[in-house]
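All chains, please: the whole structure from these sequences, using the hints.
Here is what each chain is made of, one letter per residue.
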Amino acid sequence: DAGITQSPRHKVTETGTPVTLRCHQTENHRYMYWYRQDPGHGLRLIHYSYGVKDTDKGEVSDGYSVSRSKTEDFLLTLESATSSQTSVYFCAISDSQGQREQYFGPGTRLTVT
Amino acid sequence: DQQVKQNSPSLSVQEGRISILNCDYTNSMFDYFLWYKKYPAEGPTFLISISSIKDKNEDGRFTVFLNKSAKHLSLHIVPSQPGDSAVYFCAASVKSGSRLTFGEGTQLTVNP
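Sequences listed follow chains A and B, in order.
If you use our numbering, the first sequence corresponds to residues 6 to 118, in order.
If you use our numbering, the second sequence corresponds to residues 37 to 148, in order.
In short, the hints are calculated from the structure, not lab data.
It should be emphasised that the depicted structure is a prediction, and the values quoted were computed from it without experimental measurement.
The beta-carbon is built from N, C-alpha and C at its ideal position, and this holds for glycine as well.
Mixed in with the good hints, there may be bad ones.
Said to hold, decoys possible - Residues from chain A that keep clear of chain B, each with C-beta distances beyond 10 Å, as calculated:
| hint | residue |
| --- | --- |
| 1 | T22 |
| 2 | P23 |
| 3 | R27 |
| 4 | R73 |
| 5 | Q90 |
To be verified - Straight-line C-alpha distance at most 27 Å; calculated DSS-like pairs for lysine-lysine:
| hint | chain 1 | residue 1 | chain 2 | residue 2 |
| --- | --- | --- | --- | --- |
| 6 | B | K41 | B | K73 |
| 7 | A | K75 | B | K104 |
| 8 | B | K104 | B | K41 |
| 9 | B | K41 | B | K90 |
| 10 | B | K107 | B | K90 |
| 11 | B | K73 | A | K16 |
| 12 | A | K62 | B | K73 |
| 13 | B | K104 | B | K92 |
| 14 | B | K73 | B | K92 |
| 15 | B | K131 | A | K62 |
| 16 | A | K58 | B | K92 |
| 17 | B | K107 | B | K92 |
| 18 | B | K90 | B | K104 |
| 19 | B | K73 | B | K104 |
| 20 | A | K62 | B | K92 |
| 21 | B | K107 | B | K41 |
| 22 | B | K104 | B | K131 |
| 23 | B | K41 | B | K131 |
Structural data, given as C-alpha cells:
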C-alpha cells in the first residue's frame with residue numbers, strides 16, 4: 006500500500022467554523038490531490054498540487070483552499086464550513102514518471118451540522 | 037457536464053458468473069482509462085488500466101475493453117467472487133500528472 010495517511014479520519018463540526026484536513030505521504034511523490042465523494046457524483050477533484058507551493062483548482066474548488074509547504078504534506082482548509090461540504094474527503098498521490106495511476110488515502114468523513 | 041458516465045448505479049450477479057461494468061465518456065482527448073474498486077470506509081484502490089492505443093488489457097480475472105469509436109469501456113470480471121462486491125469507479129485522464137475524471141460509480145454485489 007502507498008504510504009498515505011489522512012487526519013482526522015472523522016470530524017463533526019458546526020456551520021461557520023474553519024476546518025483543516027491533513028494528508029501525509031511517505032512516497033516522495035510529486036503530485037497530490039484532494040477529492041470529495043458524494044452519492045451520485047463519484048469522486049470530484051477539489052484542488053491538486055504539482056509541487057511544493059504549486060497548486061491549482063479542480064472542478065469543485067469554491068469554499069476550499071489548500072497549501073503545500075513540504076513534499077509530504079497537503080492541507081485542505083474549509084474557511085467557513087457549510088452543510089453542503091458534508092462529505093467524504095480523499096487525498097491521492099501520483100508520481101511524475103509518466104504514471105497515470107493515483108493512489109488514495111483512507112478518507113476523512115466530515116459532517117457539518 | 038459529466039464527461040465520464042456510469043449509467044448503472046448497481047449490478048447484482050451470482051458467484052462464478054461474469055460481471056460486466058460499463059462506462060461511457062465524451063471527451064475525445066482522454067487517452068488513458070482506469071478502474072478503481074472501493075470497499076466501504078476505505079479509499080479507492082487501483083484495479084486495472086488501459087491506454088487508448090490498446091483495445092484490451094487483461095490482469096487475471098479482470099479484463100478491460102476499450103471501444104474508442106463508441107467512447108465506451110467495460111470491465112469484465114470472470115469468475116465473479118463474493119469478495120468482488122464493492123463500488124467500481126471508472127476514470128479517465130488526458131496526460132500524466134493531470135487530474136482524473138471519475139464516473140459516478142457502480143455498486144457490484146456478487147451473491148454466493
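Against the structure, the hints:
1. For T22/A, the requirement that its beta carbon stay farther than 10 Å from each beta carbon of chain B is met, with the minimum near 25 Å.
2. Remark: the non-interface label on P23/A is consistent with the geometry, its nearest Cβ contact in chain B lying 25 Å away (cut-off 10 Å).
3. A cut-off of 10 Å between C-beta atoms confirms that R27/A is not in contact with chain B; the least separation is 15 Å.
4. Annotated as non-interface, R73/A keeps its C-beta farther than 10 Å from every C-beta of chain B; the closest such distance is 15 Å.
5. With a minimum CB-CB distance of about 19 Å to chain B, Q90/A clears the 10 Å threshold, and the non-interface call stands.
6. A distance of roughly 16 Å separates the Cα atoms of K41/B and K73/B; the hinted pair therefore holds under the 27 Å criterion.
7. Only pairs whose Cα atoms come within 27 Å are accepted, and K75/A paired with K104/B is rejected, the gap being roughly 40 Å.
8. As the CA atoms of K104/B and K41/B are separated by approximately 15 Å, the hinted pair is consistent with the 27 Å bound.
9. Annotation: proposed proximity of K41/B to K90/B holds, straight-line Cα distance about 21 Å (limit 27 Å).
10. As the CA atoms of K107/B and K90/B are separated by approximately 13 Å, the hinted pair is consistent with the 27 Å bound.
11. Taking the CA atoms of K73/B and K16/A, the gap is about 25 Å. The hint holds against a cut of 27 Å.
12. Between K62/A and K73/B the alpha-carbon distance is near 25 Å, which keeps this suggested pair within the 27 Å criterion.
13. For the hint linking K104/B to K92/B, the alpha-carbon distance of about 11 Å falls within 27 Å, and the restraint holds.
14. Between K73/B and K92/B, the direct Cα distance comes to roughly 19 Å. Compliance with the 27 Å bound is thereby established for this hinted pair.
15. Our distance criterion of 27 Å between C-alpha atoms is met by K131/B and K62/A, whose separation comes to about 17 Å.
16. Taking the CA atoms of K58/A and K92/B, the gap is near 39 Å; set against the 27 Å cutoff, the hint is violated.
17. In summary, the hint linking K107/B to K92/B is supported, as the alpha carbons are separated by about 14 Å, within the 27 Å threshold.
18. As the CA atoms of K90/B and K104/B are separated by approximately 9 Å, the hinted pair is consistent with the 27 Å bound.
19. With a C-alpha separation of about 23 Å, the suggested pair K73/B and K104/B falls inside the 27 Å cut-off, and the hint holds.
20. Distance check on the hinted pair: K62/A and K92/B sit about 33 Å apart at the alpha-carbon level, beyond 27 Å; violated.
21. Under the criterion of a C-alpha separation no larger than 27 Å, the hint pairing K107/B with K41/B is consistent with the structure, at around 11 Å.
22. With a C-alpha separation of about 17 Å, the suggested pairing of K104/B with K131/B holds against the 27 Å cut-off.
23. Taken as a hint, the K41/B and K131/B pair is honoured in the structure, with Cα atoms around 20 Å apart against an allowance of 27 Å.
When held up to the earlier numbered hints, the structure conflicts with 7, 16 and 20 and fits the remainder.
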